[in-house]
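**Q** The primary structure of each chain is shown beneath.
Protein chains: 2
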Amino acid sequence: MEKYRFTYQDIHRTARDIADRVKASGFEPDIIVAIGSGGFIPARIIRTFLGKPILAVGVAYYDANDKPTDLPHKVQWIEEAEKKLAGKRILLVDEVDDSRTTLEYCVRELLRHDPAEVAVAVLHDKKKDKRGAIPAEVKRYFAGRTIPDKWIVYPWDAEDIDDHDAMAADNPPID
Amino acid sequence: MEKYRFTYQDIHRTARDIADRVKASGFEPDIIVAIGSGGFIPARIIRTFLGKPILAVGVAYYDANDKPTDLPHKVQWIEEAEKKLAGKRILLVDEVDDSRTTLEYCVRELLRHDPAEVAVAVLHDKKKDKRGAIPAEVKRYFAGRTIPDKWIVYPWDAEDIDDHDAMAADNPPID
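These protein sequence lines map, in sequence, to chains A and B.
For the first sequence, the working numbering assigns the number 10 to the initial residue and increments by one for each residue that follows.
For the second sequence, the working numbering assigns the number 10 to the initial residue and increments by one for each residue that follows.
FYI, nobody ran anything at the bench for these hints, they're computed from the structure.
Note that the structure is a prediction, hence the values are computed from the model and not measured.
Some hints here could point you the wrong way.
The list treats identical chains as one, so a pair stands whether inside a single copy or across any two.
[Stated by the list, open to error] Calculated lysine-lysine pairs in the DSS-like style (CA-CA distance at most 25 Å, straight line): (1) Lys97 - Lys76; (2) Lys12 - Lys136; (3) Lys93 - Lys76; (4) Lys97 - Lys139; (5) Lys159 - Lys136.
Model the full assembly from the supplied sequences, consistent with the hints where possible.
**A** Pasting the structure below:
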């Protein structure tokens, strides 16, 4: 199976591009919500360009006995911060929009706290049938790149970053 | 003022080295706690090598009116997860040990919840007089590199990642 390998430099440029498009859209988030752990790195880079604080949330697809679950559930949520979400503009960030179930779950949870707006940003959106749906309340969706449904290898998952970069250079992702 | 500029590849190698040393020490964390937002990227890379879940905490040195504060306070904490910390082995991760006040604050907060052990890992420890102190309960402290007290420019703060990498290559950090 063909894979997409992105370098940290690719990711940094894509995150900057997302931030540029967020600004160009007129959306000014008050806060960035990172979906952990995949969203931590893109959210932190986007923060450089938007200058807003990050709150982190964690969702998982395994239960207390490490058994896989069909639907996501909260591992960490922002209980103490939720009071602060009312009336706020939120940019929800994750690395990839794959089945869309995680994004749908997180958007729905955030919407329960009456934010002014929730926008979504992902580094990569896979072109495929999605199991989840982005709720209609979300008016802005920023995908750094839209790519075919292939396996993605992110640089932070590399066992050896030099090998990873060499493989990424030999076989650059083509849309 | 001379600056240290690290590339993402430097950071990835340092995070891997930390994970190797954590393993060699015999410490097996149950959970990684990332101090946001600086600890998000190192924690996510360390997770690749240790394979443990990440919880995120946020502390800030500014108040509700954006005025600087002398001591850190919680922006996000892991209330709902704290019950789960009792008896657990925690690896607390941040990018840099500068004045040590953030680390002291976070360690003390974590210790209140009766973990089995709290260990600390940072990419970089600056050689300088520290305002904070690591509580004596912490038996293991992992610094990826110990460096002189200079300004650090992390790759995720780069306006342009190619410029950053070129400057880092021209002037590699020397201990």
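**Q** Taking the hints in turn, state whether each one holds.
**A** Here is what the structure says about each hint:
For a Cα distance limit of 25 Å, the shortest separation of Lys97 from Lys76 across copies, 20 Å, qualifies, whereas the shortest one inside one copy, 36 Å, does not. Taking CA atoms no more than 25 Å apart as the test, Lys12 paired with Lys136 passes inside one copy only; the shortest distance there is 14 Å, against 43 Å between copies. Proximity of Lys93 to Lys76 under the C-alpha cut-off of 25 Å is restricted to the inter-copy arrangement: shortest distance 18 Å between copies versus 34 Å within a copy. In this assembly of identical chains, Lys97 and Lys139 lie within 25 Å of each other by CA distance neither inside one copy nor across copies; the values are 28 Å within and 37 Å between.
Proximity of Lys159 and Lys136 under a CA criterion of 25 Å is satisfied intra-copy only: 9 Å inside one chain copy versus 46 Å between copies.
Hint violations for this structure: number 4 only, all remaining hints satisfied.
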